[in-house]
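Trainee: Sequence:
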Amino acid sequence: MDKIANNIKALRTELNISQLDLSKGTGISLRAIQNYEQALREPKATQLIALADFFDVSLDYLVGRSDKKR
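Here our numbering is used: the first residue of the sequence shown is 1, the next is one more, and so on.
Heads up, a few of these hints could be off.
To be verified - Subject to a maximum C-alpha distance of 16 Å in a straight line, what follows is the list of computed EDC-like cross-link-like pairs (lysine to aspartate or glutamate):
#1 44 x 21
#2 69 x 56
#3 24 x 60
#4 68 x 56
#5 24 x 67
#6 9 x 56
#7 44 x 14
#8 3 x 67
#9 9 x 42
#10 69 x 53
#11 68 x 42
#12 9 x 37
#13 44 x 67
#14 9 x 21
#15 69 x 21
#16 3 x 37
Stated by the list, open to error - FRET-style restraints, in silico, Cβ to Cβ:
#17 24 x 67: 15 to 21 Å
#18 30 x 67: 16 to 22 Å
#19 68 x 31: 27 to 33 Å
#20 66 x 31: 27 to 33 Å
Just so you know, the hints here were simulated from the structure itself, not pulled from any lab data.
From the three backbone atoms N, C-alpha and C, an ideal C-beta is built for every residue, glycine too.
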């Protein structure tokens, strides 16, 4: 789970956007984004897809199964 948290935060930081911007861009609540980045909760499949689409990365990359973004 920490890998997902680290990847979400790293991708968000790479784009220089706030958690609020990520929330608005994905339709995922701000609290959920905060919980994901702190590894307090793990995103469900639908949220993982929304995040991967937003960041334009593969699901495998987002969850730490691949080093290739696409």
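Trainee: Each of the hints needs a verdict: does it hold here or not?
Mentor: Status of each hint after checking the structure:
1. 44 x 21: violated, 20 Å
2. 69 x 56: holds, 8 Å
3. 24 x 60: Measuring from Cα to Cα gives roughly 23 Å; hence the hint is violated.
4. 68 x 56: Between residue 68 and residue 56 the Cα gap is close to 12 Å, so the pair holds against 16 Å.
5. 24 x 67: Judged against 16 Å, a Cα distance of about 27 Å means the pair is violated.
6. 9 x 56: This hinted pair holds, its Cα atoms lying about 15 Å apart.
7. 44 x 14: violated, 23 Å
8. 3 x 67: holds, 12 Å
9. 9 x 42: holds, 13 Å
10. 69 x 53: OK: residue 69 and residue 53 at ~11 Å, within 16 Å.
11. 68 x 42: violated, 21 Å
12. 9 x 37: Satisfied, since the Cα-Cα distance of roughly 6 Å is no more than 16 Å.
13. 44 x 67: violated, 21 Å
14. 9 x 21: holds, 13 Å
15. 69 x 21: At roughly 21 Å apart (the allowed maximum being 16 Å), residue 21 and residue 69 break the hint.
16. 3 x 37: holds, 10 Å
17. 24 x 67: 15 to 21 Å: Violated, at about 29 Å.
18. 30 x 67: 16 to 22 Å: This hint is violated: roughly 29 Å between Cβ atoms.
19. 68 x 31: 27 to 33 Å: 31 Å Cβ-Cβ, so the 27 to 33 Å window holds.
20. 66 x 31: 27 to 33 Å: holds, 28 Å
Violated hints for the displayed structure, listed by number in ascending order: 1, 3, 5, 7, 11, 13, 15, 17, 18.
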